[in-house]
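Using the sequences plus the hints, can you model the full thing?
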Amino acid sequence: MKRQIIDKGVHSTFLLIALFSIAALSLIMVFLFIEGIPIFDQITIKEFVFGQYWYPTDDPTAFGILALILGSVYVTILSGMMAIPLGIMTAVYLAEIAPPKVAEIVKPIVELMASIPSVVIGFFGMVIVAPFIQKLFNIPVGLNMFNASLMLAFMAVPTICSISEDAIFSVPVAVKEASFALGATHFETIAKVIIPASLSGICTAIILGLSRAIGETMVVLMAAGGAAMIPGSFFDPVRPLPASIAAEMAEAPFRSEHYHALFAIGIVLFLFTLIFNLFADYLSHKFRQVGEASL
Amino acid sequence: MNKFSKLILALIVSMVIASSQVFGGELDIKGSTTVLPIAQKAAEAYMAQNPGVKISLSGGGSGNGIKAIIDGTADIGNASRFIKQKEVNLAGSKNVYPVPFRIALDAIVPIVNSQNKVKDLTRAQLKDIYLGKIKDWKEVGGTPGKIIVISRDSSSGTFGVWKELVMEKDRVIPSALTVPSNGGVVQAVTTTPGAIGYVGLGYLNHDIKAVKVDGIEGSEANTLNGSFPISRGLFMFTKGWPEGEIMDFISFILSRKGQDLVKEAGSIPLF
Chain A
0 MKRQIIDKGV HSTFLLIALF SIAALSLIMV FLFIEGIPIF DQITIKEFVF GQYWYPTDDP
60 TAFGILALIL GSVYVTILSG MMAIPLGIMT AVYLAEIAPP KVAEIVKPIV ELMASIPSVV
120 IGFFGMVIVA PFIQKLFNIP VGLNMFNASL MLAFMAVPTI CSISEDAIFS VPVAVKEASF
180 ALGATHFETI AKVIIPASLS GICTAIILGL SRAIGETMVV LMAAGGAAMI PGSFFDPVRP
240 LPASIAAEMA EAPFRSEHYH ALFAIGIVLF LFTLIFNLFA DYLSHKFRQV GEASL
Chain B
0 MNKFSKLILA LIVSMVIASS QVFGGELDIK GSTTVLPIAQ KAAEAYMAQN PGVKISLSGG
60 GSGNGIKAII DGTADIGNAS RFIKQKEVNL AGSKNVYPVP FRIALDAIVP IVNSQNKVKD
120 LTRAQLKDIY LGKIKDWKEV GGTPGKIIVI SRDSSSGTFG VWKELVMEKD RVIPSALTVP
180 SNGGVVQAVT TTPGAIGYVG LGYLNHDIKA VKVDGIEGSE ANTLNGSFPI SRGLFMFTKG
240 WPEGEIMDFI SFILSRKGQD LVKEAGSIPL F
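Chains as they are written, first to last, in numbering that gives the first Met the number 0: chain A, 0 to 294; chain B, 0 to 270.
Simulated from the structure, these hints should not be mistaken for lab results. The hints are all genuine.
Some chain A residues well away from chain B (every beta-carbon gap over 12 Å; in silico):
| # | residue |
| --- | --- |
| 1 | 11 |
| 2 | 39 |
| 3 | 114 |
| 4 | 168 |
| 5 | 172 |
| 6 | 185 |
| 7 | 210 |
| 8 | 214 |
| 9 | 282 |
The following label-pair restraints were derived from C-beta to C-beta distances:
| # | chain 1 | residue 1 | chain 2 | residue 2 | range |
| --- | --- | --- | --- | --- | --- |
| 10 | B | 270 | A | 33 | 45 to 55 Å |
| 11 | B | 220 | A | 29 | 52 to 62 Å |
| 12 | A | 18 | B | 130 | 53 to 63 Å |
| 13 | B | 53 | A | 165 | 55 to 65 Å |
We put the beta carbon where it would ideally sit given N, CA and C, even for glycine.
Okay, structure coming up:
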């Protein structure tokens, strides 16, 4: 009897703890919407999302965030183009090709890269990389979309690499050996058997890596240049969504239009990451391998 | 005579000390973030001298500072500009008489990369550069090259002055880089050959070149004599003529010691 009471006690304690974290998260979400929605008394959602000009403190004000949205999207895509091939190829190398001794050294180093604070990466981008790429490409300004994307790729590679590596590593040996037995070379096995078999894990890795890039604030605040315009080239400065919130929130008068507009940007950013995560969930289900023979 | 004046001075000092011990109130200061560092330094020093007085500080911008005086939600309202006619009317309708105290000065100086040959720009040229009408340095007498416009976030106080005194009513072009701090502007201008930016006088250094405005060099002396065009007074407003510790605090800022703190906070002291 006593044992059952203790057991029930444990159950309800864990339930409470779980409920607490869910409640805290939902309250943050509710708060985000409560503070963000009042801006739509002033302007329509269409004007907000598709407006080209962001002049929150001018008279008259302009609260169009299209340039900020595109800034975020472009920076994420560009950093993805750099980070995805790098991350996955490193993972393939570590899991399949590298001798165990090399992998033992390289893998912890790659994972250590993930723990570099973003402010350090941002500072590096601003002080070292900006003048460098400015001279290298002979462009007028080094604080731009390319610089920010490069820094974000730097942050996404460790995430993409280490999760993909786990996925590749967990491909059953039997599948691999079957491929060899059929006369496939090592490369053919990697390209046609191992990568398709671990696609679900690789997709998750990519999405997690990119969602880090889209929500990252400090790097884009420091290295992206911060111009609220629709970029015309890789080397134009951009102002992604999180940078606007971080730069302006401290000075926006409490409960003013500007304050509500910044929270509305937060809602947009929240929806972005939500869509990203749903997509990741869908992909990981779609490519899920069930059993060893289902390839 | 000399002895007599010393006596009077001693009397005043002892009265101030005595009265400051009598004060035990709280001071609420709100408003401009440009004035905030000054108020912060002054408040710390003042509270160290007068342990009985508690000063609470908050930002919120010049408009909120003046509004707080009119509504009576603060004792002192900070503003990096003078009161507007609209605000005077509002105060009048509520039978409030806001009293301005100019406590410091502030100058914003345009800066360019140290390799840039341009030494002097008119306010009209600066405006056209920030409007995007002038795009190349050769249009203002420099070596040909694209002008990289660097500005501050729209909610910064420095941007506020720049907008008011240079841009007047017009908008800075969207392609301008925005940097979150004075130090960031200096950093960006140092590393970008074609850049132009603007910073508070206290941030000038040897890595960058200050540009004269309408032929006048941005300096403390030129700000004090009123000839440098991109400068402004920093104000504290009170509701009616101040009394008690409010008066005492403002006198403290206007004293030699207070003005030294103004300088420490990066603004220009009145004397």
